[in-house]
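Visitor: Listed in order, the protein sequences are those of chains A and B. Letter 80 of the first sequence, counting from 1, is numbered 80 in our numbering, and no numbers are missing. Letter 266 of the second sequence, counting from 1, is numbered 266 in our numbering, and no numbers are missing.
Don't read these hints as lab results, they were simulated from the structure. Any given hint could be a false lead.
Below are the DSS-like pairs computed for lysine-lysine, each with C-alpha atoms no more than 30 Å apart in a straight line [claimed, not checked]: (1) B:Lys189 x B:Lys115; (2) B:Lys115 x A:Lys168; (3) B:Lys119 x B:Lys87; (4) B:Lys87 x A:Lys168; (5) B:Lys87 x B:Lys115; (6) B:Lys189 x B:Lys119.
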Amino acid sequence: MEFTLKTFIFYGFALMTVASALLVVTVRNIVHAAFSLMVTLFGVAGLYVFLQADFLAATQVIVYVGGILVLILFGVMMTSGRLEMRIHIERGQLLLGGAVALALLMLLLTVIANTPAWKNRIDDGTELQPTTERIGELILNGPFLLPFEVVSVLLLVALIGAALISRKEVRD
Amino acid sequence: MSDFRAMFTGFPNFNVSEGFFPNINLQEKLNWAEEFIQNVLMPRLPEAVAAHFPVELGTTLVMFACAGIFVAVVPLLPLVLVLAERKVAARFQNRTGPMRVGPWGTLQTLADGIKLIFKEDFIPPQGDRFLFLLAPYVIFACSFAVFAAIPFGQNILVSDFNIGIFYIMAISSVIVMGVIMAGWSSNSKWSLLGSLRSAAQIVSYEIPLGLSILTIVMLVESLSMREIVDSQSNGVFSWLIFRSPFTFIAFFIFFISAIAEVNRTPFDLPEAESEIVAGFHTEYSGMRFALFFIAEYANMFAVSAIAVTLFLGGWEGALPGYDILGGMPGFVIKTLALVFLMMWLRWTLPRLRVDQLMNLCWKYFIPIAFFNILGTGIWGLIFEEDSVWSIGISCAIIYIGLISAYMIAGRVMAQKPEPQPSSA
C-alpha cells in the first residue's frame, strides 16, 4: 500500500466530512449545526477535487457555503432569540428521520455498488481532462440544454414569487 | 467483507489491501516543488544520500516552507497599506499623518502592531467562546487563500488552477461565513447588526461581480488566471478592458462591486462607526482585531490584483514584450494604483444609506451586468477573432461613449444648482 501525501490529505478530508456531519446531527444548538455543516460542505468539496471534479468543487462552495448556508443562518438569526436557540426532538420525528436516513443509505450503497469500477478511472492511464469545458458543452450545447433551461425558468418563477411575497402591499 | 461485497453484483473491484485510493494523481505533471527537488536539489546531493532521499516528504516540506514564506510576507502588504491609507487620508484632510515613529512615521504601523499583540485578548463572557475564537481565522485564512491563484508575474504564481477565477470567487464567498460567525458569537447587538448588514451586502454584490467576471471568461474562453493574462500579451490595446465596449463597462461594475465586497466607504455600512460602533468586530480586541484588520487590507489588495489580472493586462506591460523582472513590478504598480483609487474614494465620498446600497446593486448593476453578458455574446459572434478592426471599433465606441457621458453629465450638473424659486 502506497501511502502518499495525497492519500493522507484524502483521509483528512474524509474524516473532516464524516466528523462534522455527525456534529451537524448531534449538536443541540442550531447555529453550531449550521457552522459544522459548513465544514461538511467544505470536506465534500475537497473530495470532489480528488475525483477530478474541480468545477463541481468550486460550485459546491459557492452555492452551498456562500449562498444557502448564509440564507439558513439569516433565517435563524432573524427569527429566533439569541444564543440559546435549541432544537427539540420528539420520538415520532426521530423514527421518521431514521427511516429516511436508512432509505438514503440503501440508495447510496446501491449507487456505489453499481458505479462501474471507479478506481480504474484514475488508474487506467488516461489523463483526466479539466471538466469545465465539458460541463459547458453538455449544458449549453448538448443533451442537457432543455433541463438547464427548464431549471432556469423554475428559478426565475421562484425569484418572482419571493419578490411578490416579500413586497409590501400598496393600498390606495 | 466478502459477504458485504456479494450483496451487490458488479461491486467495484478495488482491492482493500491496496488502500481505498492507492495513488491519486491530482495532476500528471510535476508541480514546482517536486521539480525543484528532482531537478535542482537531487543532482547536487551525494549519490548515497540521493538514493534514499524521500522525494514525497521533501516535496511536502518544500511546499510547507513556501507556504510559510507566503504567509509571512503577505501580512507585510497590509503593514504598508495601513500606513499608506493614513498618509493618503492625511493629505486629503490637509494634515501630515503619523510623523513620530521612524522617518516620516514609516514605522508607525509596526509600533501599532506590536501594541496590538500585547493588548488584552478580551472574550465576551456571555458570547459563544469557541466560535468567537474561530471567526478571525476563518476570515484570515479565506482572504489569504485567494492569493494562491493570483499571478504576480510571469512565473510567480503559486498554483495555476484550471478554474482559477472561479476558485477565487468560491473562496472569497466563504468570508461571509466568518463575518456572520464573528457577529453572532459576540453576543452584542452592534456585532449582529453589522454582520447581517455585511452578509446582505456581500451576497448581493457578489452577483454583479460574478457577472462581470463572466464577460471576461466569455471573451477568453478560460477560467485559468494564466490564460487570462496570456490573452492580453499584445500591449495596452489587447488588455481586456479595451477589447470590447462591454468589458469596459464590466470593469467599472467589477471595481465598484469589489469595493462593496471589501466593505469600504462608500459601502462601509457594516462598519458604520456612527451607527453600529464598529460592526461585526466591535467586541474584538488585541491580536484578533489585528487579524480582521490585516484581512481587510489583504482583501483590498487582492481584489485590486484580480481587477488588474482580469481587465488591465495582469503582469503584461503596456508595450508588448517589455516585462521587467517577469512583469512583477508592473503588476504591483497597477494594483497599487487601484488600491490608491479605493483610498481616494474612501476619503472623498460619504457613506450610502442601506436602501441606496441595495438599489444600486439590484436595480442598476445587475441589469447592466446582464446587458453586458448579452452584448459580449453578440460581440463574440460578430468578431470571432480579435483583430485590429474589433479593437479599433471597440476603442472608438468607448471613446464616443465617454465623451457623450461627459457631456450628459455636464448638462445634468449644470441644471442641478438651479435655485428653487422662493414663494416669497
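Visitor: It remains to establish, for every hint, whether it holds in the given structure.
Guide: Outcome of the hint check:
1. B:Lys189 x B:Lys115: 28 Å, holds
2. B:Lys115 x A:Lys168: Judged against 30 Å, a Cα distance of about 50 Å means the pair is violated.
3. B:Lys119 x B:Lys87: 25 Å, holds
4. B:Lys87 x A:Lys168: 47 Å, violated
5. B:Lys87 x B:Lys115: 20 Å, holds
6. B:Lys189 x B:Lys119: Within the cut-off at roughly 24 Å; holds.
Going down the numbered hints, you'll see the structure goes against 2 and 4, while the others check out.
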